[in-house]
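Each chain, written out:
Number of protein chains: 2
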Amino acid sequence: MSELRQNRATKRWVIVAGERARRPDDFKVKEVSKSLPAHDPLCPFCTGNEAKTPAEVLAMRVPGSSANSPGWQLRVVPNKFPALRPVGDLERREEHAFFRKMDGLGIHEVIIESPVHNENIATMTYRKVEQIMLTYRERYLHLGADTRFQQVTIFRNQGQRAGTSLVHPHSQLIATPIVPSNTRHLLEEAMRYYDDRGSCVFCDMIREELKAKKRVVLETMDFVVFEPYASRVPFETWIVPRRHNASFGNISPGEARKCARVLRRILGSMYQVLGDFDYNYMICTAPFKDANESYYHWHISILPRLTTQAGFELGSGIYITSAFPEDTAKYLAQSIGVGSRKK
Amino acid sequence: MSELRQNRATKRWVIVAGERARRPDDFKVKEVSKSLPAHDPLCPFCTGNEAKTPAEVLAMRVPGSSANSPGWQLRVVPNKFPALRPVGDLERREEHAFFRKMDGLGIHEVIIESPVHNENIATMTYRKVEQIMLTYRERYLHLGADTRFQQVTIFRNQGQRAGTSLVHPHSQLIATPIVPSNTRHLLEEAMRYYDDRGSCVFCDMIREELKAKKRVVLETMDFVVFEPYASRVPFETWIVPRRHNASFGNISPGEARKCARVLRRILGSMYQVLGDFDYNYMICTAPFKDANESYYHWHISILPRLTTQAGFELGSGIYITSAFPEDTAKYLAQSIGVGSRKK
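Taken in sequence, the protein lines are chains Y and P.
Using this note's numbering, read the first sequence as starting at 287 and increasing by one per residue.
Using this note's numbering, read the second sequence as starting at 287 and increasing by one per residue.
Excised from the complex, chain Y in its bound form (with noise of 0.2 Å):
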């Protein structure tokens, strides 16, 4: 059984994943080779392996093929060893009246994108890609349904270096019954900052970006690309609505389709660019219940993990990054440019 524990001094909380949970002495580095066929039979995510994960609960299918069977295109999947689960309360306890806990309640699934053990998002089609944020749209309104849940964390493990385990096309989602640290923090000063001038962060981030036009890389008419001002990586990247929304819940199927395509195009670029390279994406959004703040405005941050955080941004917070986001952001806008005659 999972724990939800909170640490007094920091206040961050942790999971501690009972259903992953390891004997301390089989903590020994293991490399996971990157083998790339393009159907593997031990990989559980692979046709015709459906048993091998929990019962789906959304998958797109070829009309008359039956649940947990071959004949799908995407299918979302609870995870086998969930860091959450949905069962227990969400009572907080003290454990002797200082350590504070609460019961590993929570939804943690798999999406997996396609059946081709060795497809790649950044080279799929369009097609695909939309299935897929709109696969993220339907669960995340599904779960946004549960009043036990604060939030949704949607998110993607691409290579080792960014701490996946499985190398079959996959994202994943978490519930969780407490809004993340990170977010009560975007929140809260994204709050202060309304407070002060009356206008959101990042309506203002979007129009200086576009105004300084030193670090945008795509614009569309609905989503501006760009490597943020103080990119905490190289090559970081987030992708912002033009429109003032504080939750992807609210996005309406073709908004989420019409992100797709800038996903897919972004990625297809720095995939061009950097080759095969290991990185993580966050969907970035409000709490269900700040859905319609005027402060908060939901983003995708794509993170690359071409560097390792070490000791000083471990301790301190601070970043150290190696790439100007000017010189990164030119260098994607050219490779984006090449092939912009895809819409």
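For the record, the hints were derived by calculation from the structure and aren't laboratory data.
Take these hints with a grain of salt, some might be off.
Said to hold, decoys possible - Below, in silico cross-link-like pairs of lysine to aspartate or glutamate (DMTMM-like), each with a Cα-Cα straight-line distance of 20 Å or less:
hint: 1; chain 1: Y; residue 1: Lys-387; chain 2: P; residue 2: Glu-612
hint: 2; chain 1: Y; residue 1: Lys-387; chain 2: Y; residue 2: Asp-375
hint: 3; chain 1: P; residue 1: Lys-500; chain 2: Y; residue 2: Glu-289
hint: 4; chain 1: Y; residue 1: Lys-500; chain 2: P; residue 2: Glu-289
hint: 5; chain 1: P; residue 1: Lys-387; chain 2: Y; residue 2: Glu-289
hint: 6; chain 1: P; residue 1: Lys-387; chain 2: Y; residue 2: Glu-342
hint: 7; chain 1: P; residue 1: Lys-387; chain 2: Y; residue 2: Glu-494
hint: 8; chain 1: Y; residue 1: Lys-387; chain 2: P; residue 2: Glu-494
hint: 9; chain 1: P; residue 1: Lys-575; chain 2: P; residue 2: Glu-342
hint: 10; chain 1: Y; residue 1: Lys-387; chain 2: P; residue 2: Asp-490
hint: 11; chain 1: P; residue 1: Lys-366; chain 2: P; residue 2: Glu-475
hint: 12; chain 1: P; residue 1: Lys-387; chain 2: Y; residue 2: Glu-612
hint: 13; chain 1: P; residue 1: Lys-387; chain 2: Y; residue 2: Asp-490
hint: 14; chain 1: Y; residue 1: Lys-497; chain 2: Y; residue 2: Asp-613
hint: 15; chain 1: P; residue 1: Lys-500; chain 2: P; residue 2: Asp-481
hint: 16; chain 1: Y; residue 1: Lys-387; chain 2: P; residue 2: Glu-475
hint: 17; chain 1: P; residue 1: Lys-500; chain 2: P; residue 2: Glu-612
hint: 18; chain 1: Y; residue 1: Lys-544; chain 2: Y; residue 2: Asp-576
hint: 19; chain 1: Y; residue 1: Lys-387; chain 2: P; residue 2: Asp-613
hint: 20; chain 1: P; residue 1: Lys-575; chain 2: P; residue 2: Glu-474
hint: 21; chain 1: Y; residue 1: Lys-366; chain 2: Y; residue 2: Glu-342
Put chain P on the given structure of chain Y with help from the hints.
Chain P only, in chain Y's frame:
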């Protein structure tokens, strides 16, 4: 020239390291191989290569040997590719009235811990580790006298997964003209706790850990070593002095020696248990001006890099850990017990 830049939405500062800047087309993954001879003629930190580093600012040497030549046991040199330099001014600037930055003003030093290329702090003599800790203290006090700096972060990166680029044993310190966001966050939470309870959260934490007897790995007259209740990663370990004291700069040489012996014992024990594992440690201390606060408490935080932070951690700030600290603490305590004759 480096720059300190602030993201207006997250308020996070980053250092864009001008001296280390790489071109956008230069981000290919390089593998650092762990070849470990006792002397490597190509290593800039090895004996005989003193000219390959900037001139030393401090060294422990055999009598009669000259600066920047062989005959040293430990050297402190400025980082050749510093993240920050002691030039520029403290003014915050706003580019286009939105983007905030300041000069990359600071100090970045390297403490070369030994002339022996393949030595490991986890297996060094106690006397050598004492020298290292005394050097931390000396440099900390020296840099604290410069009123341009708010904070000195002392840290160690061991191994490739911990972000080191040179295998020769060394620590680093960075003096910053700002209070890092992690320190600010810790201070704010500790102040709030103090305002509520009238006690230091770290003092309460060690008292409760000693009472609970579940996560304590080692206790001496002066220090308590434990796996925090909400450990972020497997084998996270904190070394906390029993005596309330906000700043590392307030410790006496005698306390520094005792701290060194505790650090050596716990690292030695982790090394026995985990093998040649990668880790970071950081000395978490109050900014200079808060050195005597009642609510903060300096400590050392050891973060083994046995697992990789993935998208969920980066997006939410909630860590998922795959070991219970009660289990890892018991395991480490047993290992320490075996060789506990050494003082």
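Check: Can you list which hints this structure breaks, lowest number first?
Finding: 5, 6, 9, 11, 15 and 18
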